[in-house]
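Number of protein chains: 2
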Amino acid sequence: MSLIVQKYGGSSVANAEKILRVAQRIVRTRKAGNKVVVVVSAMGDMTDDLITLADKINKNPKEREMDMLLATGEQVSIALLAMAIHKLGYEAVSFTGPQVGIITDTFHSKAHIQDISPGRIRKALSAGKIVIVAGFQGQTLEGEITTLGRGGSDLTAVALAVALKARHCEIYTDVDGIYTADPRVIPDAGKIDIVTYDEILELASLGAKVMHSRSIEVGKKFNMPIWVCNSCKDVKGTLITKENKAMEEVVVSGVALADDEAKITLFRVADRPGVAAKVFQTLADANINVDMIIQNKTKTHSTDISFTVFKNELQKALKVVKDNAKKLGVGEVASDENIAKVSVVGIGMRSHSGIASRMFSVLAENRINIEMISTSEIKISVVVAGDKGKLAARKIHKAFGLGKKQRRSKVRVKR
Amino acid sequence: MSLIVQKYGGSSVANAEKILRVAQRIVRTRKAGNKVVVVVSAMGDMTDDLITLADKINKNPKEREMDMLLATGEQVSIALLAMAIHKLGYEAVSFTGPQVGIITDTFHSKAHIQDISPGRIRKALSAGKIVIVAGFQGQTLEGEITTLGRGGSDLTAVALAVALKARHCEIYTDVDGIYTADPRVIPDAGKIDIVTYDEILELASLGAKVMHSRSIEVGKKFNMPIWVCNSCKDVKGTLITKENKAMEEVVVSGVALADDEAKITLFRVADRPGVAAKVFQTLADANINVDMIIQNKTKTHSTDISFTVFKNELQKALKVVKDNAKKLGVGEVASDENIAKVSVVGIGMRSHSGIASRMFSVLAENRINIEMISTSEIKISVVVAGDKGKLAARKIHKAFGLGKKQRRSKVRVKR
Chain A
7 MSLIVQKYGG SSVANAEKIL RVAQRIVRTR KAGNKVVVVV SAMGDMTDDL ITLADKINKN
67 PKEREMDMLL ATGEQVSIAL LAMAIHKLGY EAVSFTGPQV GIITDTFHSK AHIQDISPGR
127 IRKALSAGKI VIVAGFQGQT LEGEITTLGR GGSDLTAVAL AVALKARHCE IYTDVDGIYT
187 ADPRVIPDAG KIDIVTYDEI LELASLGAKV MHSRSIEVGK KFNMPIWVCN SCKDVKGTLI
247 TKENKAMEEV VVSGVALADD EAKITLFRVA DRPGVAAKVF QTLADANINV DMIIQNKTKT
307 HSTDISFTVF KNELQKALKV VKDNAKKLGV GEVASDENIA KVSVVGIGMR SHSGIASRMF
367 SVLAENRINI EMISTSEIKI SVVVAGDKGK LAARKIHKAF GLGKKQRRSK VRVKR
Chain B
7 MSLIVQKYGG SSVANAEKIL RVAQRIVRTR KAGNKVVVVV SAMGDMTDDL ITLADKINKN
67 PKEREMDMLL ATGEQVSIAL LAMAIHKLGY EAVSFTGPQV GIITDTFHSK AHIQDISPGR
127 IRKALSAGKI VIVAGFQGQT LEGEITTLGR GGSDLTAVAL AVALKARHCE IYTDVDGIYT
187 ADPRVIPDAG KIDIVTYDEI LELASLGAKV MHSRSIEVGK KFNMPIWVCN SCKDVKGTLI
247 TKENKAMEEV VVSGVALADD EAKITLFRVA DRPGVAAKVF QTLADANINV DMIIQNKTKT
307 HSTDISFTVF KNELQKALKV VKDNAKKLGV GEVASDENIA KVSVVGIGMR SHSGIASRMF
367 SVLAENRINI EMISTSEIKI SVVVAGDKGK LAARKIHKAF GLGKKQRRSK VRVKR
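Top line first, the protein sequences correspond to chains A and B.
Numbered per the working numbering, the first sequence finishes at 421, counting up by one with no gaps.
Numbered per the working numbering, the second sequence finishes at 421, counting up by one with no gaps.
If you're looking for bench data, these hints aren't it; they were derived computationally from the structure.
Since this is a predicted model, take the numbers as computed values, not measurements.
Some hints here could point you the wrong way.
The list cannot tell twin chains apart, which means a pair is met if one copy fits it or any two copies do.
To be verified - The calculated lysine to any residue pairs, modelled on SDA-like cross-linking and capped at a C-alpha distance of 25 Å, are:
1. Lys-325 / Glu-249
2. Lys-24 / Thr-53
3. Lys-404 / Phe-366
4. Lys-68 / Thr-35
5. Lys-325 / Gly-392
6. Lys-62 / Met-52
7. Lys-239 / Gly-39
8. Lys-93 / Phe-113
9. Lys-65 / Gln-30
10. Lys-248 / Ala-283
11. Lys-227 / Gly-125
12. Lys-93 / Arg-34
13. Lys-68 / Arg-36
14. Lys-65 / Arg-31
15. Lys-396 / Phe-273
16. Lys-129 / Met-72
17. Lys-404 / Arg-190
18. Lys-317 / Gly-337
19. Lys-62 / Arg-31
20. Lys-333 / Arg-278
21. Lys-65 / Met-52
Isolated chain A, as found in the complex (with noise of 0.2 Å):
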């Protein structure tokens, strides 16, 4: 008998009607003959509607509190899932973060996991009952509710799978899975088959959305395989894995979009050791997070460095670096708002040569400037011009062969 750890999010089970069909796909899994946790979010709009009342009561509550507030909305969904469960005539027991030993650090509003102690699900599932679970929440050693932050239900999911060695851990959406880019930009993007945890990293910090890397953190670290799959139809989804062999033929997996950042340029800044580490220092202490970072020497004295920030800190990060430009050794600086960053990802660009000059190619193929370049190992990201970025991302996505109707699924995986 297999274990199998689930993950329902918030708008899988928005209202009445959903958890009831959720409770069907358990019940399936169940009758399947696997043992099956799942680890549920709050119905919908609940987490938002509390917000909006503690908003109404205090700007700026304690985060001790927030938690408080929010880890009721994971536990009305597990009481409703259980009920769900029974209706359709099978045993399931509900428990909170804190009922199964999910022990967190203290950081109130985005605590991180730091044991989990499963006896209690081991002991319900041994009684043969499905256990549901709230996702986002635990508990300090001092019995202090905390929460987990953004992507904290896929996270409680995850670690879950792996204190309880299950076979897997399914993520359930509202999507078929993760696709070779976002459909709403390029309309012929497809659902990846399998992929590997380095990939989603890159391409969640590159806009992928898909899950937070928090949990596919973890699937790595402990080689724990994830099926992203969508909780409304019943087409196999995504599966997130270790690197294997055959999945080497697939030389990008995606292409991601981001427009949401601009550009920052100093000129003239002075070509001295430390200088760039200041820069950014400075940055860092006025919490303003910078992405890719292009430094180019010229032959004088003095570089130019090129910087992105997210456009809703833009401001904040001129500001700073205009005020400390003359400690920072920095001559004229420049913005750029109207800028997208276009990246491609693959594990098999490792080992295929040509693929950056591909990209570059087909950018100018069609006329496209590159202003800046980044690469990492299984990763290139360009930023172009902010109206060339959709067409950019098009082109790219058709070249590497990611449209539907130009791959087959190469790599098939039995579920």
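Model the placement of chain B on the given structure of chain A, informed by the hints.
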């Protein structure tokens, strides 16, 4: 520094505005130099909303899961109330029932408190914090979340007051205190200043519905003074306390009217030992609550027995009695739904003779026929025709000088 436990019901915290108002009252009590522990119920209709939601999923939910669901209501309230107090610049911390060691038995949906370990509350109080505790909930020794049933938050408050050796417990509601009668029936009804646990126990069971009798019983057992006050006004409420000399001046404390009962009469019941016991055991086995019981032996070898049940259980009760008539030795069975029960309650009547005759005279003067009479040491109840109930209550209320203009506060109690 005195410790005061305050309890606010659902209508007092029904929205953000009301929560902020409650926070101000709490802070006032703190500023006056008291340590404050606050017990709070779920917001307004939240519990009903959750029940409706559960009903859409499963008409017959397990009580364990209902407890899991409903316990969230109070958890939302404590977090929001703590945030409201923080906004006023005071330190506060919220705790769920399980967090403050409220240990109950395992009877889900109607659990009894077995133990309270107030260490965590004491620590927070010592740190100068206002402590907010979720009412209505606890956990079993095995860590299962339970709820305490009707009046559960009052019970939490009184039990915490006892465990913490508070000076007194304040129950805030949307009325000024406990009245000499239901003001909807008798507009002249006035607030009672001081009343004994025993009187309230009689008044509650007679339909006064101010506080659930379980909380009063705990208050009585541990001699914890309980104030019932209006959360929206600054008026002195009603003090529920043990008997003292001064209180005996007040002969009758209040008049209660109940119109939700029906009368069943069993004619020609065999007059031999054990018959009555069998009749009421049969009803108890069918889970039917019986209130008044009157038996009046006549000269023959049979007797008539009358008793009252709640109207909504009348048909069930009739069926049980008729189905078992032969076995029970019962002749004819009759019932009457058109009845009303009027009761007067007062510890003073123990030492003042003639209360019963005065009550019966008032009824006679007003041509109201008495169908049943039942008395206890501090209570006299009569059953009259249903359409005469309000008139009877009004006339008796007046006859005992309970009207606002009639009474003067004979007893002054320092708060």
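Within, between, both or neither, where Lys-68 and Thr-35 count as close if Cα-Cα is 25 Å or less = Result: close only across copies, 23 Å inter versus 41 Å intra.
Have a look at Lys-239 and Gly-39 and pick one of within, between, both or neither, based on CA distance no larger than 25 Å.
-> Within one copy, since 21 Å is at most 25 Å while 62 Å is not.
First find the shortest C-alpha distance between Lys-93 and Phe-113 inside one copy, then the shortest across copies, and answer within, between, both or neither for a cut-off of 25 Å.
-> Cα proximity of Lys-93 and Phe-113: across copies only (22 Å, versus 38 Å in one copy).
Homomeric proximity label, Lys-93 with Arg-34: Cα distance no greater than 25 Å | within (14 Å within a copy, 49 Å between copies)
For Lys-62 vs Arg-31, is the C-alpha pair at or below 25 Å within one copy, between two copies, both, or neither?
-> between (38 Å within a copy, 19 Å between copies)
How would you classify Lys-65 and Gln-30 at a CA-CA limit of 25 Å: within, between, both, or neither?
-> Classified as between; 17 Å across copies, 41 Å inside a copy.
Which holds for Lys-396 with Phe-273 at a C-alpha limit of 25 Å: within a copy, between copies, both or neither?
-> neither (29 Å within a copy, 91 Å between copies)
At 25 Å max between alpha carbons, let me know whether Lys-227 reaches Gly-125 within a copy, between copies, both or neither.
-> Classified as within; 22 Å inside a copy, 40 Å across copies.
At 25 Å max between alpha carbons, let me know whether Lys-325 reaches Gly-392 within a copy, between copies, both or neither.
-> So Lys-325 and Gly-392 pass the 25 Å test inside one copy only (23 Å; across, 80 Å).
Within a copy, between copies, both or neither: where do Lys-325 and Glu-249 come within 25 Å Cα-Cα?
-> neither (44 Å within a copy, 73 Å between copies)
Intra- versus inter-subunit Cα pairing at 25 Å for Lys-129 with Met-72 = Classified as between; 22 Å across copies, 32 Å inside a copy.
How do Lys-65 and Arg-31 come out at 25 Å by Cα distance, when the copy is not named: within, between, both, or neither?
-> between (40 Å within a copy, 21 Å between copies)
Hints 1, 10 and 15, counting from the list given before, are not met by this structure.
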